[in-house]
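Just so you know, the protein sequences line up as chains A and B, in that order. One point on numbering: in the numbering used here, the residue at position 254 of the first sequence is 254, and numbering is uninterrupted. One point on numbering: in the numbering used here, the residue at position 308 of the second sequence is 308, and numbering is uninterrupted.
Hints are computed from structural coordinates only; laboratory data are not their basis. The C-beta atom is built at its ideal place from N, Cα and C for all residues, glycine as well. Nothing false has been slipped in among the hints.
Here are the computed distance ranges between Cβ atoms for each label pair: (1) A:Q118 x B:R305: 51 to 61 Å; (2) B:L37 x A:S167: 31 to 41 Å; (3) A:T17 x B:V493: 24 to 34 Å; (4) B:I508 x A:R143: 23 to 33 Å; (5) B:L21 x A:R143: 26 to 36 Å; (6) A:S167 x B:K494: 26 to 36 Å; (7) B:R483 x A:Q118: 50 to 60 Å; (8) A:A9 x B:I508: 16 to 26 Å; (9) A:T17 x B:K494: 17 to 27 Å.
Simulated coverage check for chain A against chain B, where a stretch passes if three residues somewhere in it have a Cβ under 8 Å from a Cβ of chain B: (10) 13-22; (11) 144-151; (12) 154-163.
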Amino acid sequence: MFKKRFLTAVAVILIMTGTLYLLERLLMPKHVSAIVEGSLIEEYYKEEKGHDVIFVGDCEVYESFSPITLWEHYGITSYIRGSAQQLIWQSYYLLEETLKYEKPEVVVFNVLAMQYDQPQKEAYNRMALDGMRMSLSKFKSIRASMIEDEKFIEYLFPLLRYHSRWSELTAEDLRYMFRKGKLFHNGYYMRVDVKPVETVPRGRKLADYQFGKNAYYYLDRMVELCKESDIELVLIKVPSLYPYWYDEWEAQMEDYAQRHGLMYINFLELIEEVGIDFAQDTYDAGLHLNVTGAEKMSVYFGKVLQNTFGLEDRRNEVDLSRAWQQKADFYYRMKEDQYRELEEYGYLKSLGARPPESTAVD
Amino acid sequence: MLFASYGFILFITVLFVVYYLIPRRHQWKLLLGASYLFYYFSGPENLLYIFFTSLSTYMVAVKIDAIQKNQALFLAANSGRLSREERKAYRALVKSQQRKWLLLCLILNFGVLAVTKYTNFTIANINSVLRTVGSGTQLSFWSLALPMGISFYTFQTMSYIIDVYRGKHPAESNFFKLALFTSFFPQLVQGPISRFDDLSKTLYNEHSFDIQNVNRGLQRIMWGFFKKVVLADRILVAVNTIIRNPDIYQGVFVFIGMLFYAYELYADFTGGIDITIGIAQVLGIKVKENFKRPYFSKSTAEYWRRWHITMGTWFKDYLFYPLSVSGPMLKFSKFSRRRFGDGLGKRIPVYVSTILVWFTTGLWHGASWNFIVWGLLNGTVIIVSLECQPLYDWFHSRFHVKHTFGFRLFQVVRTVLLMSAIRMLDCYRDVPLTFRMLGTMFTRFNVSTLTGKALMGLGLGMADYMVLLVGLVALIAVSLLQRDGSVRNKLAVKPAAVRFAVYYVLIISILVLGAYGMGYDSSQFIYNQF
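Could you build the full structure based on these sequences and the hints that come with them?
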């Protein structure tokens, strides 16, 4: 009798847990054909680790560097752990988590995120946090990121957040319930389209140009974390024309880098040297670089990394080369697909072609 | 802390576990601590109010009880020495002493309720009068927050003190036990209004873990959550769209809003009570039922015997009856019979009491003219029904339809529509607007404006309407099943697979279909505000 009851209880719990798991998989946004940026963070876990360089930061990072170019030109392996409007504490905790998987030579952080001292929007939080695997770093990042109405438990059990999607499910939700192909290139989000800069924006006046205490707190922690792990930290500001980068902000970053003995590169001052042409190298009039812009940036920055930190050229490692060749094939295939799509429709209808499952690099 | 919140679910889960792990003699103490913690989350300052009400009620009850015991002792000791007149005079003296203490307690506790709930309403009315007479003076409003559940716990403690005064039961000698009776958290949010002699039978007892009781309680909690978060909070969006835009939504939309609000209020209030009774049942405590399929009522009077039952009986026992037999009312009754004869003359005092009770019921529901008019309309409908009784009798003597299904259905539909129409006073911002909107149901009732597009414009999608329709069918089915006894009893004798399928569907429905979390304006239970 007892055994029967026990088995029944176990079966009920298993069925309930299984159903909830399936429902969660079904109802979570897939970010495959719309707002693909939501898939950036989770792709990292499918990768072979052991990268030389890890980039952390917001959209400016995942649109401004092409790891494939860094590999092809310098034999540097890199990965971008970035997401849309990724806040500095999210970058910090992502880095903390990344260091549990691997120990890069260099970490690169884009300083635009210093402008935010407080959590901003749930949608961006979700893009940065949903894709993270369960870990202490994720929990800490959630706690630091939540806006007023958000609940911690809804991050632990996303079904509680996304349950209302039941009425808007599409075939895509079923198709990608358990598995989806790669959409990015080691965290790089490719866009081949062009929308030239027509007017260079001017920054509106701010009441206060001082970066917040919270932002500095996490920057300090990032510096400390890298120091403890014997990793070089490089601060950069990529050459996006807006959000506007103020002189006052620049002064603070220069001062900070100097005080902490860090390399800081403001690419806005190197636009000509890098060769960025805002008539061709941006897909949204100066907000983000497109693939040509990202490749130029990578060619320039790879040299800096190699010269400054003596990163080795690893193209002679056979297994690594084979793996990166697959990545490059995917990269060029997607590039061709995007150009073809652009020609056919005049815009990127699907926001990036997807590789056949068989050739996906996992 | 809202019932429909993660915090509350965590709170009761921890409580259930700890409750059955600690020594049973400490269970009621744990409940007191949990109740005060629950109340603390609604605002720490509110603890002062509930503590004050508990303390004043306790002290006065103990005093009245002592007076009663002394009286009994005195009379027993002097049984042979006092004449009948002397005993009568002594009893009257003692009764007067008790009455003074009772009055003190009523003034103190109703005073707290009056000050916190009605001060600004009074000021608004005074200001309105001052404006009307052209005075430039305006009184400032007080910034007083209404303590959660104050109407409920004040009524509960007042029923306790009156019952002690009436000698129905002795005073509770342990202050902390009375404090638990006052603050027992599941019913603090929206009732029911328990009586001490009912609740105390199980509130302070030692309860061992009874799997059947716990199961039944959990079933009731789930059913309550289903009604609240899947149905009430979903239809709330459409109701709000209609009532907040009276310039746009008139005529047929007022009718739709009226039906939707009837649905929302039923699902919300009965859902909340299901959760309350379910939690108490898991704890081994029996709380009175507050609803008995009210939408199946065939008259207004019957409706009020089946809707918010504990409130109705409170007003009946502690206001209507005492008022009806009070000195002034008896005098008025004599006058009325002399003036209008034995028929109408007898009924008029009853009607006056009815109107006074319904005026108070309206005022209890909220400090606004909307609620007062709502109460008066309910009283008026009941009186008109009673006055029309001879007409009904004549009709039924001519047409033998009384026991036909069609006529009963007509009575049910009529009662629901009438109650729902009066209840629209809850919704619109003032009384004239409510009547104007109800008027448009007759002057601008154009069904052709009720298109699919217009319905979607109320903030609900097709999927939401489907959920609400299925929910409505489930509510009706459960109500019909309840006519022959408890649905949970019926479920208990079904095979395990059927039982688990029902739980499974309920849990999944709540989790997936529930209108909760980010993106939803999660609402408090409507009765919280009272």
